[in-house]
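S.K.: Single-letter residue listing:
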Amino acid sequence: MSNQFAIDIQGVSKRYGKDVQALDEVSLQVRPGELFGLIGPDGAGKTTLIRILATLLLADEGQATVDGWDVRKDYKQIRRNVGYMPGRFSLYQDLSVEENLTFFATIFGTTIRENYDLIRDIYGQLEPFRTRKAGKLSGGMKQKLALSCALIHKPSVLFLDEPTTGVDAVSRHEFWEMLQRLRQKGITILVSTPYMDEASLCERVALIQKGRILSIDTPANIVGSFDKPLLAIRTDDMYRLINDLRQFESTHSAYPFGDYVHLALDGPIWAEAVHAYLVGKEHTGIEIKPAEVTIEDSFMELMSKE
Amino acid sequence: MLPAITADKLTKRFGDFTAVNQITFEVKKGEIFGFLGANGAGKTTAIRMLNGLSRPTAGKAQVAGFDVYRQTEKIKRRIGYMSQKFSLYEDLTVRENIQFYGGIYGLPLAEIRRQMKQLVAGLGMEPYARNLVKSLPLGWRQKLAFSISIMHNPEIVFLDEPTGGVDPITRRQFWEMIYKAANEGMTVFVTTHYMDEAEYCNRVSIMADGRIAALDTPHALKEQFHATSMNDVFLNLTRPGRQAS
Amino acid sequence: MKQLLIFIRKETYHIFRDKRTLLILLGMPMVQVLLFGFAITNEITNARIAILDQSKGEMSRNIIQRFTASGYFEIDENLQSLSDIERHFRQGKTKLVAVFPPQLEENMKRNVPAKIQLVADATDPNTATTLINYASAIIGRYLQEQSHGQAVPLAINTEVKMLYNPRLKSVYMFVPGVITIILMLMSAMMTSIAITREKELGTMEVLLVSPLRPSTIIIGKVIPYIVLALAMAAIVLLLGAFVFNMPIRGSLVLLIAECVLFVITSLSLGILISTRTETQQVAMLISLMALMLPTILLSGFIFPIESMPKVLQILSNIIPAKWFIIIIKNVMLRGTGFSFIWKETLILLGMAMFFIAASIRNFKIRLA
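Here the protein sequences line up with chains A, B and C, keeping their order.
Converting from the first sequence to our numbering requires adding 1161 to each position, the first position being numbered 1.
Converting from the second sequence to our numbering requires adding 91 to each position, the first position being numbered 1.
Converting from the third sequence to our numbering requires adding 7 to each position, the first position being numbered 1.
In isolation and in its complexed conformation, chain A is listed as follows (with noise of 0.2 Å):
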């Protein structure tokens, strides 16, 4: 039973039939206490590899343990000491606030009163609500419900499958502050998302796609072993813009990045080497800056090594 990370996979595999390898050999370990996150697209795997945590699917192979409980073996105990928030909105629609959080203690034989202290934040902000029924409630309140219910056991690992989906950006945001308050009180918290803008929220990060891990590492860190130059740029026709890139010659890859192309290079190139070339191609009201590294730059370069 010693195991000095809160969440420890080792060469975890899932398949659904014949044809889909959700996961594939995944590894990947989470120290006590940490925020992590799980990043990449539907279908990556990632609610596949935290049901398996959460002991409601097994896997074909390998193992993973939660507190140093198997996820095969000691269903029980984990049961009894996480807490899981699935992709979909999970609660009684039709019971009221007050009657799911109720509910969920009484089976994990607690009490709303007993465990207060670690929902206040979150719980504090619906109670004017408490007779409501949970269908009526907006998409940022169902997910502060659900958080809650979650809670309320005060469990020591937290799994959150795609929490922000689906909710607009100033929910995502007050979500976000919730889980770093909640780290501070020391819960181990693995969170997945298909937005890569929520990976800088993270302590540390899985970037995953096609059910294998790409890169664990910090943000910074991985942003930072992006090693190509990086310019940012715009000019009146981006869509000519995109594909005159593509024909330079050191371009390396071009993306649109919302209202600029970033370009990355092979090798130093000039930004006005890139200038004169767009010139050539008759574009007018160019800008070209260096560019911030981002998560997607980084993972889209990473994808297209795979």
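Below, a sample of chain A positions facing chain B; criterion: calculated Cβ distance under 7 Å:
#, residue
1, Pro1202
2, Gly1204
3, Ser1299
4, Ala1330
5, Pro1355
6, Asp1358
7, Met1399
8, Tyr1416
9, Pro1417
10, Glu1457
11, Phe1460
12, Met1464
These aren't lab readings, by the way, just hints derived from the structure by calculation.
Cβ coordinates follow ideal geometry from the N, Cα and C atoms, glycine included.
Position chains B and C relative to chain A; hints supplied.
M.R.: Here is chains B and C on its own, set in the frame of chain A:
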């Protein structure tokens, strides 16, 4: 050139509740226009009025040159629609989906056949044309759904969170498809929760409490709010206790 | 224990907050009973029959008189010869002809089996059977009275079940059947949906990742529905009693206890179905389609089990409804006590325990 969409003090009330409060804006032809707002800000109601699905309470609006009160059938023929949640029938094959959507927009058979070839080839999906849509990776489905939604060559295409959850490379490919369509003169109207998606639009409007709180290019909005991303602009505008007017 | 209580409370909230479903659940039995009671009844009044009386004696006269006095029959024509019978049927005037042989009275006195022939038009077998049953019951009763209770060589065997339904009320047959079928189908459907709904909504996922035991979930699902199913049973019984004057001759307590047992059996069958299905739609189809036909056909509700092929007779033993129909008919119509139905009760109890055990065993503690 006539704008693709004009809305003039467009309003929708449900009983006492004003969901959309006198919104006025214009979308130029060939523009990629982002339509943002928090949950419950009135986005969905506004789009339904523009699509001819909901009758406005007051105000004026024209879509593709047609009136949203009287000419909804004409509007429906000239718009395309794609949402992340539902667009394709997963238990039909790629070909069957194309045939179906071609059919409901009344395209001639020869045209459907021509489009089928072109569309499938354009997406590099020839070997999968007879596969069920549900067997395709999500990114492909999204691209296919977009191609199908503009198959009947609409003047305006409405996209609802088109690239949420898609991997970053596929997402870029998707945006390139949108740029290409816009470049050919199609107007693209994007609604989304995700502010990084908004960065790709030519201009964005942000709704809050039934009104349009801001409308400009992402670049100008970021400068105006001294923000580094649209996410910050949005939080600034819609959070309680915001400083901006 | 606390867990179970809160689970039951939650389930009760679900039931009472879904007003529309609740209304359907309680309204459906009503509609069914009224439908079966009024529309599908095969009761007969003033059916036109013909008589060929070759004996022309006192006995045949008396029987004919009883026919007309019963209110079920109306004499349409007195035929003259055997050859008239076929002609008569061809004309389609009547459905039944009673033929009294020439030496009826003499044979009776000499203890030679006398034969009164009942000829029915069997193109509509249900009506034919009913008419024959009615007519033979009337004849049988007449003969019995004549012999003052002594054994007589009965000319025609009357069906035993008529004895307990002397006025030949078919509604007496239907009410127990309807109660059985409603309780079976509704109960199985309610619980199978209640669990698959949690699977569909994703709440099952959250319940699984909690210390709740499968047995707590299953028992917590069953208990609230017992009450609901009993309310349905009460509705049907009350309708039977007040609208159709259906008697309850046995002990009411016994009747309710047996209903509870049968409801538990059906509810646990529903749970078993739900452990094997993922969506409400499939659960509903299985509990309706897969249970409805065997329950209706093999329970003895419509078709007597004795007249089924051997294979079906054996098969009918695994239909819980068969045993409950026997129980409920005994209690309601015959007024028998527990000592007569303990065997059937034990079989139902065994079935209920089997279904619950199988459900707990089959309950998936993980997602598929």
